[in-house]
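Colleague: Sequence:
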Amino acid sequence: MGGVRGRGLFGEDILSAFRNNSGGGESSGNVLKKGPAIEQSLVCSLEDLFKGTTKKMKLSRDVIDSSGTERVIHIIISWRQMQQVIVGVSKDVKRPTTVEEIVAIDIKPGWKKGTKITFPEKGNEKKGLIPADLVFIIDERPHNLFKRDGNDLIYTQKISLVEALTGYTLQLTTLDGRNLTIPINSVISPTYEEVVKGEGMPLPKEPSKKGNLRIKFNIKFPSRLTTEQKTGMKKLLTS
1 MGGVRGRGLF GEDILSAFRN NSGGGESSGN VLKKGPAIEQ SLVCSLEDLF KGTTKKMKLS
61 RDVIDSSGTE RVIHIIISWR QMQQVIVGVS KDVKRPTTVE EIVAIDIKPG WKKGTKITFP
121 EKGNEKKGLI PADLVFIIDE RPHNLFKRDG NDLIYTQKIS LVEALTGYTL QLTTLDGRNL
181 TIPINSVISP TYEEVVKGEG MPLPKEPSKK GNLRIKFNIK FPSRLTTEQK TGMKKLLTS
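Following UniProt numbering, the numbering of the sequence shown begins with 1 at its first residue and continues without gaps.
Since the hints were derived computationally from the structure, they do not count as laboratory data. Values in this document were obtained by computation on a predicted structure and should not be read as measured data. Don't take every hint at face value.
[Unchecked claim] In silico lysine-lysine, BS3-like type, Cα no more than 27 Å apart, as pairs: (1) K113 x K209; (2) K112 x K197; (3) K58 x K116; (4) K126 x K34.
Starting from the given sequences, assemble the full structure and let the hints guide the process.
Modeller: Put into structure tokens, the structure is as follows:
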């Protein structure tokens with residue numbers, strides 16, 4: 001049915017007055033508000049953040065279905081003992097329908113915990129509201145070998161006191177599967193740190209560049225020494 005506009009006996013727009021006073025309608029001058037953003041954690045491995053990857057997420061949300069049945073409003077208004085009937089005011093009944101879709105999230109090399117990826121207006125649709133944005137926030141899963149410090153990677157290696165004093169060669173597999181051989185000829189003190197430049201995390205804005213790999217050492221000291229060992233150590237270290 002067509003949207004018939006009702007006129008009163010004196011030409012006034014009765015339908016407009018009804019809408020304004022009923023409280024149920026929406027004025028064309030109303031500004032639609034947007035719902036608050038929906039935030040969702042997205043956990044990534046350190047390997048994913050090092051190399052970059054694409055994650056596909058399945059979304060389920062409500063959308064307004066405008067194909068609902070038509071509702072016809074019949075309004076009867078008395079005016080000076082005259083009765084006027086307005087018929088044919090139509091309005092769509094909009095019913096929410098749940099839909100599913102797949103979104104692809106491109107994880108860039110070097111992204112950090114707290115990085116946000118926004119999909120505009122992917123929240124549930126509600127009458128009178130602009131759908132909220134859907135925001136994924138990067139979270140970093142702890143790694144069993146490496147620890148991240150900004151753009152640097154920290155690796156801690158256990159060694160014996162003999163290795164700390166005489167030298168040590170570290171064999172290490174990187175986050176992208178390469179094998180590194182790192183010889184250390186210096187005496188390794190408990191606070192010593194070996195720095196391998198360019199083997200850290202990619203820089204988010206310049207992924208061709210990387211931070212550093214910082215190698216720390218956990219030196220295992222003997223729990224006890226014999227008298228002969230103590231004498232030998234003194235001679236060795238004071239000669």
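Colleague: Hints first: check each against the structure and report whether it holds.
Modeller: Right, here's what the structure says about each hint:
no., hint, result
1, K113 x K209, "holds (19 Å)"
2, K112 x K197, "holds (20 Å)"
3, K58 x K116, "holds (18 Å)"
4, K126 x K34, "holds (10 Å)"
Hint check: no violations occur; every hint is consistent with the structure.
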